[in-house]
Amino acid sequence: MVALAIAIAVLLVVLVAIGERVVHRDQVLPGVKVAGVNLGGSTEPTALLTVTALGDRLRRQTIHARAGEHDLSFDPAVIGYEVNAAATMRAARRAGRSANPLNALSGTLLRTLRPDRIGLVVRYDSTKLGALIDGWVGATGKGLIDGGIRVEGTQVAEIRPRAGIGIDRDDAERRIIAALGTGSSDVGTLRIGPTTPAIDIADVRRAARHARAILAAPVTVAAAGTTMTLAPAQVAPTLRTQISGSRLHLRVDELALRAALGAPLTAVETPPTDATFAVDGTRVSVVPAVTGVLVDLAPVSAAIARGHHAIEAPLRTTEPARTTEWATKLNITELVATYTTNHPCCQPRITNIHRAADTIDGTIVEPGATFSLNGTLGPRTVDKGYVLAPGIGANLEFEDSVGGGVSQLSTTLYNATFFGCYEDITHTVHALYISRYPMGREATLNYPSIDNKFRNDSQSGVLIRVAYSNTSVTVSYYGNKEGRSCRGEGPNILETIPIAVEYIDDPTLPLGTEKQLTPGALGYVVENFRILSRSGVADVRERFAERYSMAKSKVARGTGPPPTTTTTVPPAVPPTPPDSTPPPAP
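Quick note: the sequence shown uses the numbering used here, first residue 1, plus one each step.
Source of the hints: derived by calculation from the structure; they are not laboratory data. Cβ atoms here follow ideal geometry from the backbone N, Cα and C, with glycine treated the same way. Take these hints with a grain of salt, some might be off.
[Unchecked claim] Across the chosen pairs, the derived CB separations fall in these ranges:
(1) A369 - P314: 35 to 41 Å
(2) G375 - V78: 24 to 30 Å
(3) D505 - G385: 42 to 48 Å
(4) T323 - G193: 54 to 60 Å
(5) D56 - R547: 38 to 44 Å
(6) R322 - D56: 21 to 27 Å
(7) V78 - P45: 29 to 35 Å
(8) R547 - T471: 27 to 33 Å
Let the hints inform the model, and build the full structure from the sequences given.
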């Protein structure tokens with residue numbers, strides 16, 4: 001009976017294992033995880049997308065380690081870290097599919113109890129990893145000095161190495177590699193102990209001799225028929241040292257070399273020029289991009305580092321970031337919507353409006369992309385050219401803030417979005433109704449809490465252009481109408497909230513007298529409609545309901561000695577403020 005029971009159990013396991021392979025023949029087997037992400041049941045395309053997204057996330061995460069009292073961290077991108085998504089997916093696909101029957105059977109059972117954890121297939125630059133660890137050793141070591149050189153003017157000084165206490169390099173490397181393979185952001189606690197310098201005195205002297213040889217004579221760089229000469233004093237600031245494989249290597253910084261060559265270099269180069277758009281009335285055309293021709297300084301830097309003093313520099317063509325093909329595909333051909341708001345002249349807020357307008361002018365919003373006004377402008381600071389100007393504060397009173405008044409641009413942009421038929425993602429009306437704006441169809445702004453966003457839900461790009469004067473600002477969207485148009489209906493005032501009076505005792509006023517301090521503002525509940533029309537399709541009506549707060553009228557009430565005369569002072573009646581006047585009926 002026991003033998004029979006064992007035979008039945010084995011048979012069941014075999015059937016389950018076979019069934020698992022049949023059911024999941026085109027999928028990752030159940031119970032397979034990669035870096036904590038369950039891929040079980042995923043098809044190969046789905047698993048590949050999942051691992052690709054996982055790799056992107058891991059590349060952006062910060063990896064932490066501890067060494068004694070030190071907290072250390074690095075971004076994986078610094079060492080060229082990448083997840084090979086295809087190879088990782090294939091490894092997950094193979095998991096549990098052993099050709100050995102016993103392994104296949106045991107794997108089926110074990111995956112029901114605990115997952116099969118498949119390591120990530122990763123790539124990284126071992127030289128950069130070594131440099132990272134060397135930096136950690138230097139930052140945490142006590143008494144440890146790695147050998148090196150120091151260039152002062154055109155003189156090369158040697159830095160003698162000295163042993164001390166520091167991170168165990170081999171232990172750190174093993175732990176980092178393990179974390180990269182599992183997707184962990186925690187390397188753990190690194191071992192610290194007696195540590196010898198990565199660079200010995202012999203290598204220091206070798207590197208010093210090499211640096212002195214480089215600085216012994218001028219360097220000439222020939223490019224496009226022009227010869228540029230760098231004196232040793234110009235070459236010296238471009239020299240850098242790098243520890244790799246326990247050797248001290250000299251290199252030449254390419255950006256520093258470009259700066260050292262200066263004007264003679266720019267005279268032989270043609271920088272790439274992005275494709276742009278030219279606006280003529282309501283029509284738009286593409287201004288083609290220009291391919292650049294630059295001197296390739298990478299081989300020049302390498303040649304100088306090897307000790308060459310006469311170098312022939314190759315030229316390379318460089319495509320602009322925005323090509324003519326890119327611009328043409330955006331299909332930006334016409335004016336889609338434009339809107340203007342007006343304001344009084346010569347106030348501080350106008351500086352902020354113009355500063356923000358200049359920042360967003362020329363912005364391209366590609367099809368499907370979301371434009372964020374806060375994201376484009378960033379914080380409004382004095383360093384960026386913004387000034388103090390009034391804005392509505394938390395207590396519903398106007399108070400100065402850096403960047404005050406930018407909401408005028410936000411309102412103008414929102415109306416261009418409204419009449420351009422683009423999808424409104426988020427906007428917020430002002431806390432109080434301001435009569436220079438269309439009631440219920442405006443947008444305030446505050447960084448970072450209150451944003452103004454729209455999504456380009458068309459198949460064409462959107463070019464944002466902004467123009468302004470001392471009394472107005474205009475936002476225009478150029479793109480392609482694609483047969484649709486929008487019109488507005490409203491505003492419809494659903495509720496008017498009367499001004500309440502708040503009395504404030506004032507002992508400086510005679511008893512029985514009153515003095516108005518602030519007039520207050522009416523509150524409103526209002527609705528607007530956007531009607532989107534397209535040929536051959538029923539109109540779409542969108543409702544936008546907004547609420548404006550009521551601001552109390554504040555009245556000082558005298559509590560001082562009674563007046564000496566019998567003149568009767570009528571009580572203050574709060575007038576309706578100019579900015580609270582309801583709009584005429586549509």
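Evaluation of the provided hints:
no.: 1; hint: A369 - P314: 35 to 41 Å; result: 38 Å, holds
no.: 2; hint: G375 - V78: 24 to 30 Å; result: 26 Å, holds
no.: 3; hint: D505 - G385: 42 to 48 Å; result: 44 Å, holds
no.: 4; hint: T323 - G193: 54 to 60 Å; result: 55 Å, holds
no.: 5; hint: D56 - R547: 38 to 44 Å; result: 41 Å, holds
no.: 6; hint: R322 - D56: 21 to 27 Å; result: 24 Å, holds
no.: 7; hint: V78 - P45: 29 to 35 Å; result: 31 Å, holds
no.: 8; hint: R547 - T471: 27 to 33 Å; result: 30 Å, holds
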